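Protein chains in written order, with the numbering used here: chain W, 1 to 316; chain S, 1 to 476.
Hints listed in this document are in silico derivations from the structure and should not be mistaken for laboratory results.
The structure presented is a predicted model; accordingly, all values stated were derived computationally and were not measured.
A virtual CB, placed ideally from N, CA and C, is assigned to each residue, including glycine.
Among these hints, one or two may not hold up.
[Said to hold, decoys possible] Ranges of calculated distance between the beta carbons of each label pair, as one might list FRET restraints:
#1 Lys330/S - Lys231/W: 16 to 22 Å
#2 Arg122/W - Lys325/S: 54 to 60 Å
#3 Ser222/W - Gln296/S: 46 to 52 Å
#4 Lys188/S - Ser238/W: 38 to 44 Å
#5 Arg293/S - Lys272/W: 31 to 37 Å
#6 Ser238/W - Lys412/S: 54 to 60 Å
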Amino acid sequence: MNGPWVEKYRPQKLDDIVGQQHVTERLKHYVGSKDGMPNLMFTGSAGVGKTTTALALVKLAIGEYWRQNFLELNASDERGIGIVRDRIKGFSRLKPVGAPFKIVFLDEVDSMTKDAQSALRREMEMYTKTVVFILSCNYSSKIIDPIQSRCAIFRFTPIKGSNIIKRLKFIADSEGVEYEDSAIESIVYFAEGDMRKAINILQSTASIGDKIKNSSIYEVISKAKPQDVSKMIIKALSGDFMGSREILRQIMIMQGTSGEDLINQIYQDIMKRAMDEKMAPEIYIDLIEAIANTDFRIREGANPRIQLESLLAKFL
Amino acid sequence: MRWTEKYRPKYFKDVIGNGNAKKEIEGWLNNWKNNQVEKPLLLIGPAGTGKTTMAHIIANEFGDSFELNASDERTYQSLLNTAGISSDTYSLFEKGHKLIILDEVDGIDGKKDKGGTRAIGKIIKEAKHPMIMMANDFYSKRLTSIKPKCIVVKLTKVHTNSINALLKKIAINEGIEADSDSIKALAKNSNGDMRFAINTLQATSQSSKTFTMDDLNETSQKDNRSTIFDGIRTVLKSKNLKRVKESLYLDGDPTVVLEYISENIPNEYKKKNEIKKAYKMVSEADYYFSLARTTQNYTYWRYASDFMGIGVALAKDEKYKKFTKLTGPKAFTYIGHTKGKRTLRDNIAEKISEKLHVSKSEAISSFPYFQIMFENDELAWEISDFLSLDDDEIKRFRKKKIPKKGMTKMEKIKAENNFKEPDQSNNLVNSLDNNLKINKIKTSNKTKTTNKKESKSVKEEDKNKKTKGQTSLFNF
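Work out the full structure: start from the sequences and follow the hints.
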């Protein structure tokens, strides 16, 4: 199998997982233990190995027939708790075949509403004997207490630069691709502890030349990075409201970026601008107040597009 | 009888408006009459501009016709079966041509009418008969492949005066007492839609035999956009509390009105601080609308209405003395226009999400990387094969097609691999032992045909087995 390296080089065993020994060592004790496996919750930022760990653990714990006894769902994709519930229920109702128990892996639980989480909690209680839940999320603070108290929580730390370097070099060597050491270091810098991002940059760079060069890393990064948010903010700051609003709509509708994500990106951009002394602190704090207000309103259920358009007007 | 049918023109000379289009269509018709084969005719125009009327007049001229419209199921096969057959068979009874009419071709449903546009393309290519198609939306994506193969005739909205004249004629004919002001108002309100104008006249006056302004006000208006626009214009132009409040007594969803207002703020207001102030009010209004919705406490609406009404109105320093062209919410039209693109995006995201164990939003954010990787022919082939992307989906990542040469090479390699690798689909019995057995059988088959390669292929098998032991875990 070839194709995306993120999948090709996904570690298959717990021991192969990079940089999360404190988690994987503890997880191994659950396998085959008399007490069975508790419900688990994996927290940590993107690309640190939550899904990989879950998949490896599933294969180890269930064994040969893991495919039949494993359900993977992404909470952020399933519209409404109804679907999650139906699928979980349909899966959990039947007894495990050829395995001690079944496993439901529910990714991005923090994107579920509180109501949906409460409903999930019921499901977790109903099948305690036959189904183990592995939940994964970026921030455990967004998970309601009753769910947290039913899970053993494992915190995944961002992967250390040295570990990412090792892995990237291993992949490049296995693929027979030459590389500059400085290029690998640049990738690690841009990846910010996100292994998936690092490998994606690595493969993208490898695809455009014979050798992974430092100079081509920057080419890839600039192509892959959404520049639009910056452009949108600059347009607004320079007084072109219509142009800025147009970009906002493109980002939201075409790229499908959510209001919350956009708020984060706008915040990062403004902060960087102020830190680089491209913006006076007085203006900065005014804008932060506006951003905070917009953030609050979007979370309260206001229309994200209209609120963000208003935010852009404040930048004028 | 419906008046729209009763007064439907029977001859070209009776059709009102669209003079140029009429000439073009007549020319097309005459060519057919002289047995000169012509491209199909594609009539595009908004509702009530005379598309169906034109088609029926033409149908009369031909004598024999066949019609399909949006309510019929139009999957690829059923289109070919019905329209397709009639397009290459001649009528038994008449020697003349048989007209094919396909109404609402832009309304072909992407899912339910699978392959519909493709079928139309095929019928156009093979048909020996005259064909007319009708559509509403000139820019519809479904028309892109059809348009170049047709003579496109655009029909425009019928002018208010023409509608006015016809309504008067009908009123006299039907013996209805109507004052000319209310007829004029109806003509204006119907916004170029002849069918709507006639239908409204019939609905309000058929039994009473009178038609007044009151009748007009009672019937719902064809398009409350005109009144929405009046409201917005007042908000943007006036600073008078009473006038602004009254102008916003509109039917329909107030959050939609808010969209219209916010869209047009930068059209009217030109100073930064005005836009700032006005949009602050928009944001407040939106917030209180959302509060009303989430708390189910709709008293919040009154605050929201004031924010988006007088709040926005007072944001201007002075009234602008200029004509401003107002537009509908562009975000809405944008959403409509990009529907196809977004469906494509979501389909790809779904495939990535399944294979790479990520959420769809994460998958979409990784598109730029795929775009870079797809510049490489071989990798493009590998990844699209891995994700089972179809041609349209591949086009999302690279403009050029993946060259055939490389593809056949890669396909060969894949086919060989498939031959060596045991089928993974029946994973219940797919333990390693079984793998070994299957492999052995296959190797022995091979050795019969190619003795020379024997040792080599066995080595390869071994290699395969090793990697297989790992890779079989990848696929789920």
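* Can you let me know if the beta-carbon spacing of Lys330/S and Lys231/W is within 16 to 22 Å? => Since the Cβ atoms of Lys330/S and Lys231/W sit about 18 Å apart, the hinted range of 16 to 22 Å holds.
* Assessment of proposed distance window 31 to 37 Å (beta carbons of Arg293/S, Lys272/W) -> holds, 35 Å
* Asked: Measuring from beta carbon to beta carbon, are Ser222/W and Gln296/S in 46 to 52 Å?
  -> Since Ser222/W and Gln296/S have Cβ atoms about 48 Å apart, the given range 46 to 52 Å holds.
* Hint says 54 to 60 Å; check whether the CB-CB distance for Arg122/W and Lys325/S agrees. => Since the Cβ atoms of Arg122/W and Lys325/S sit about 55 Å apart, the hinted range of 54 to 60 Å holds.
* Kindly confirm whether 38 to 44 Å is satisfied by the beta carbon distance between Lys188/S and Ser238/W. => holds, 43 Å
* **Status of the given 54 to 60 Å range, CB of Lys412/S versus CB of Ser238/W** => holds, 56 Å
Every hint, counting from the list given before, is met by this structure.
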